[in-house]
Each structure stands twice: as C-alpha cells, then as structure tokens.
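These protein sequence lines map, in sequence, to chains P and Y. Everything in the first sequence is counted per numbering that gives the first Met the number 0, starting at 0 for the first residue and increasing by one. Everything in the second sequence is counted per numbering that gives the first Met the number 0, starting at 0 for the first residue and increasing by one.
If you are wondering where the hints come from, they were derived from the structure by calculation, not from laboratory data. Beta carbons are placed, not taken as given, at the ideal position from N, Cα and C, and that holds for glycine. Be careful, since some hints might not be right.
Listed next, the stretches of chain Y that the computed footprint assigns to chain P, with coverage defined by at least 3 CB atoms under 8 Å from CB atoms of chain P [as the list claims (entries may be wrong)]:
(1) 51-58
(2) 189-198
Dumping the calculated DSSO-like pairs for lysine-lysine here, alpha-carbon to alpha-carbon at most 27 Å [what the hints assert, rightly or not]:
(3) Y:Lys71 x P:Lys24
(4) Y:Lys71 x P:Lys62
(5) Y:Lys76 x P:Lys62
(6) Y:Lys180 x P:Lys24
(7) Y:Lys76 x P:Lys124
(8) Y:Lys73 x P:Lys56
(9) P:Lys7 x Y:Lys71
(10) P:Lys24 x Y:Lys135
(11) Y:Lys84 x Y:Lys58
(12) Y:Lys73 x P:Lys128
(13) P:Lys56 x Y:Lys75
(14) P:Lys20 x Y:Lys179
(15) Y:Lys71 x P:Lys124
(16) P:Lys7 x Y:Lys58
(17) P:Lys124 x Y:Lys75
(18) P:Lys7 x P:Lys82
(19) P:Lys56 x Y:Lys179
(20) Y:Lys71 x P:Lys115
Which chain Y residues stay away from chain P? Per the calculated CB distances, all over 12 Å, these [what the hints assert, rightly or not]:
(21) Met0
(22) Gln79
(23) Glu100
(24) Pro102
(25) Asp167
(26) Gly241
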Amino acid sequence: MENNIFIKVQEAISDSCGIEKEEIKGHSSLFNDLNIDSIDMVDILYTLESEYDIELKVSDINKEAIQELGDEPFEIDNIITEKGLQALKRKIPDIPKEGLQYGISVHEVIRMISVKMLCNMVEIKLLEKTEST
Amino acid sequence: MNLNLDTKIILISGATGGIGEGICQAFLEEKAMIVPLFRGHSERLNPLFTWMENHGISKDMCQPENFDLKDKSKSKKLVQSVLEKHGKIDILVNCAGKSMEKPFLLHEDEDFNEMLDLNFTSLAVLTREVLRPMMKQRSGSIINISSLLSHRFGRGVTAYAAAKAGVDRLTESLASEMGKKGIRINSICPGVIETKMSNALTFNLGDQLMERTPLGRYGKPEDIAQACLFLASEKTASFITGQRFVVDGGISLL
Ligand SMILES: NC(=O)c1ccc[n+]([C@@H]2O[C@H](COP(=O)([O-])OP(=O)(O)OC[C@H]3O[C@@H](n4cnc5c(N)ncnc54)[C@H](OP(=O)(O)O)[C@@H]3O)[C@@H](O)[C@H]2O)c1
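Generate coordinates for the entire structure from the input sequences, incorporating the hints supplied.
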C-alpha cells in the first residue's frame, strides 16, 4: 500500500505542477527541490483528498509532534520551541535535521516537506480513517 | 456570436433575485446548464421555470440547489454535491447580496457583521470551495457581482460599500494567484439596476437619478447579465482577469 501511495502522490504532484514523474523522488523537497508554490500545494492536497476521501492540511505535518508535547507549547509567536524541535525530530524521522535549528518558524517547517513526508501524512490519515470505521 | 458556453456548468448564487434571475436566463439562452442557488422553498424559482417553459428551454437545463449562504460550513458539501451530479463547475457567479441603508452612526455592531458576512465572507468561502475543482480542471471563470458603491459614492451605505470594496480587492488579488492555474476572476460593478434591492432608492429619488445618468435610464438585469456572459466566455474574455467592470449607464462619470 505504501508504494501505491507514493505512486499516487507522484501523480498528484506531476499533474499539478507539470513535473516529470521520474524527477519526483521520495527525498525530494516539494518547495526547495521541486519548486512548487503554496497554490500548487493546495492543488496536490485536493487531488489526494479526492483520491482517498480524507482531509489533508499542510499543518498536519506538525500534528503528531504537537500531540506528543501535550500541554508544552510547540511554538511561541510562531517560532518553534526547543522541545517542539526535539518532538519534530522524533516524530518525523525523514525531516532534514540540519534545518531544525532554534529560530525556525512553523512556516519554515512546512517548507521542508518532502514527497516521503507527504506520503506518510496520507498514510496516517488513512489509518485514522480505518480506525474510525 | 457563439460564446461557446453550451457545454458549461454555471453555479449562480442569488438566483432568486432580480439580477440573478437575469443572469440565469442569459446563460440558459446560451444553452449552458445552470445550477441556481436558492434558499427556502424551491417555488422561489418558479418564475424562472415559467420563463424557461415560455422559451422552450428544457427543465433539465436548470438544476437548482437549496443553500443558505450563511451556512458557510456547508459550502464544501454543496460543491461536492454539484460535482457528483454534474462532474464539474466551469463558471461561478457570486450574485447574492444584501444592502443596508442607514447613517453610519446608527449602525449596530451586528449590522457590520451582517454586511460583511453575506456580501464578503460567504462569497469568499464559496469561491474557495469552487476553486479547488477548478484548479484541477485548469480552467474556470469566476464573476463577482460587486457594486459601483465599492469605489464611488456610498453615503448612507457605508458598511455595504466597504464589504463590496472587499469583494473587488479579493477579485484582484485572487486573480493574480489563480492566473497560473488557468482561472480568471473578475467583478462587475452595477450602478442602479431595477430590482427589489434598488426599489427604495429609485422610489425616493424619483426621476432625479435617472435624469443625471448619461444614458438616461436605470439599468436592467439583462445589462448585468450580458456583461456576465462576456466575462464568462473564453471566446470574448480569455485574456481578462482581475478587473472591475463598471456597468452603470455612465453615472460614475458625474
Ligand atoms: N440592484 C442594484 O441596483 C444593484 C446595484 C449594485 C450591486 N447590486 C448587487 O447585485 C447583486 C444582486 O442584487 P439584486 O438587485 O438582484 O438584489 P435582490 O433582488 O434583492 O437579490 C438578492 C439575492 O441575494 C440572495 N440572498 C440574500 N441573502 C442570502 C443568503 N443568506 N443565502 C442565499 N442567498 C441570499 C437573495 O435570496 P432570497 O431571495 O432568498 O433573499 C436574492 O436571490 C447583489 O450582490 C447586489 O449587491 C445590485
């Protein structure tokens, strides 16, 4: 199934942005390597939402880290806390660690999203969906 | 001139109003299929169905949906339902609106909310939901029925005028975001058009305003509807986006 999700994600990115599928690798960063913009991102998410009948938000990328922190703040004034950064490293193993330095904003983390991370987001949503039915 | 609108699906809010009905008729005359929005009883659309019958247009070309624009959280569901039934939305006409005439100092807090909620926020939410499938189609045209008051005159209608100014700015800024996806967004700014909404104004002013209008008459819903067809069609307006079209018989020249 994982592989299947990757193929669908690849297709969604290719359709939305006109990028050749072969160029879309698991480790490719959507914003930095594939140069998509935030409108393309909405387009990609909409395609995946329709494909899998799930709801996706880019901010979901931080969801698990936020949940792990419980009452501890994940961000203060949009800057991710030290604990928030640690939680992100634990919860999103694929995130480029060198980018996770104190001072980065929530928005900057979103910009680090890779194809593989997007696949994971879809997978988590699909699991949540099967658990709730 | 064939505007190539005959295979198009048009979603129209405010279809039970004077201008909305005129817009529905104009698209039907171009053989497009319309999805007019109404709230409450579907009999509200009876005049339109009667008009269709008199013009030999099949009932199937009009597929109404019951929707109160204030139920913003249901906008997504509405769009999904239209997509399930008709497969696509090519054109969205945001025509629902409400004005409020009262001196600024007499406005209650609620009045500001009401004016913004219907004239601006619900339009923005419906537009957002329709844009998602349009982005997939890589085409689409959105027409916002704004008002001349968005940028001219406005004494006694401040909250309404401000909400309509918001619609125009939304049109302009959204057009620059969406151009890349093949979607055009424009607004039409009507002057005084003879409908229920302008009744009080035209009644109070008698012929005064009409005489001052360079073209010597008030507008009719058809005047707005024809501008709408022009902006909707790729044949006539494929290179036009983010614009504000004033249709006012020249009154703004005063
Ligand atoms: N007439 C003018 O001189 C003039 C001038 C400038 C701009 N405009 C603009 O043109 C548009 C159409 O106006 P009009 O003259 O045709 O006015 P109208 O005859 O009063 O029609 C208004 C339309 O908006 C709908 N509407 C209001 N609240 C709604 C809600 N909560 N949910 C769904 N629909 C709702 C009405 O539905 P109901 O029938 O259910 O109330 C009706 O279909 C408006 O946006 C208006 O601001 C008009």
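Hints and how they fare:
no.: 1; hint: 51-58; verdict: violated (count 0)
no.: 2; hint: 189-198; verdict: violated (count 0)
no.: 3; hint: Y:Lys71 x P:Lys24; verdict: violated, 38 Å
no.: 4; hint: Y:Lys71 x P:Lys62; verdict: holds, 25 Å
no.: 5; hint: Y:Lys76 x P:Lys62; verdict: holds, 25 Å
no.: 6; hint: Y:Lys180 x P:Lys24; verdict: holds, 24 Å
no.: 7; hint: Y:Lys76 x P:Lys124; verdict: holds, 20 Å
no.: 8; hint: Y:Lys73 x P:Lys56; verdict: holds, 18 Å
no.: 9; hint: P:Lys7 x Y:Lys71; verdict: violated, 31 Å
no.: 10; hint: P:Lys24 x Y:Lys135; verdict: holds, 22 Å
no.: 11; hint: Y:Lys84 x Y:Lys58; verdict: holds, 16 Å
no.: 12; hint: Y:Lys73 x P:Lys128; verdict: holds, 21 Å
no.: 13; hint: P:Lys56 x Y:Lys75; verdict: holds, 15 Å
no.: 14; hint: P:Lys20 x Y:Lys179; verdict: holds, 21 Å
no.: 15; hint: Y:Lys71 x P:Lys124; verdict: holds, 25 Å
no.: 16; hint: P:Lys7 x Y:Lys58; verdict: violated, 40 Å
no.: 17; hint: P:Lys124 x Y:Lys75; verdict: holds, 19 Å
no.: 18; hint: P:Lys7 x P:Lys82; verdict: violated, 34 Å
no.: 19; hint: P:Lys56 x Y:Lys179; verdict: holds, 22 Å
no.: 20; hint: Y:Lys71 x P:Lys115; verdict: violated, 34 Å
no.: 21; hint: Met0; verdict: holds, 33 Å
no.: 22; hint: Gln79; verdict: violated, 9 Å
no.: 23; hint: Glu100; verdict: holds, 39 Å
no.: 24; hint: Pro102; verdict: holds, 41 Å
no.: 25; hint: Asp167; verdict: holds, 21 Å
no.: 26; hint: Gly241; verdict: holds, 15 Å
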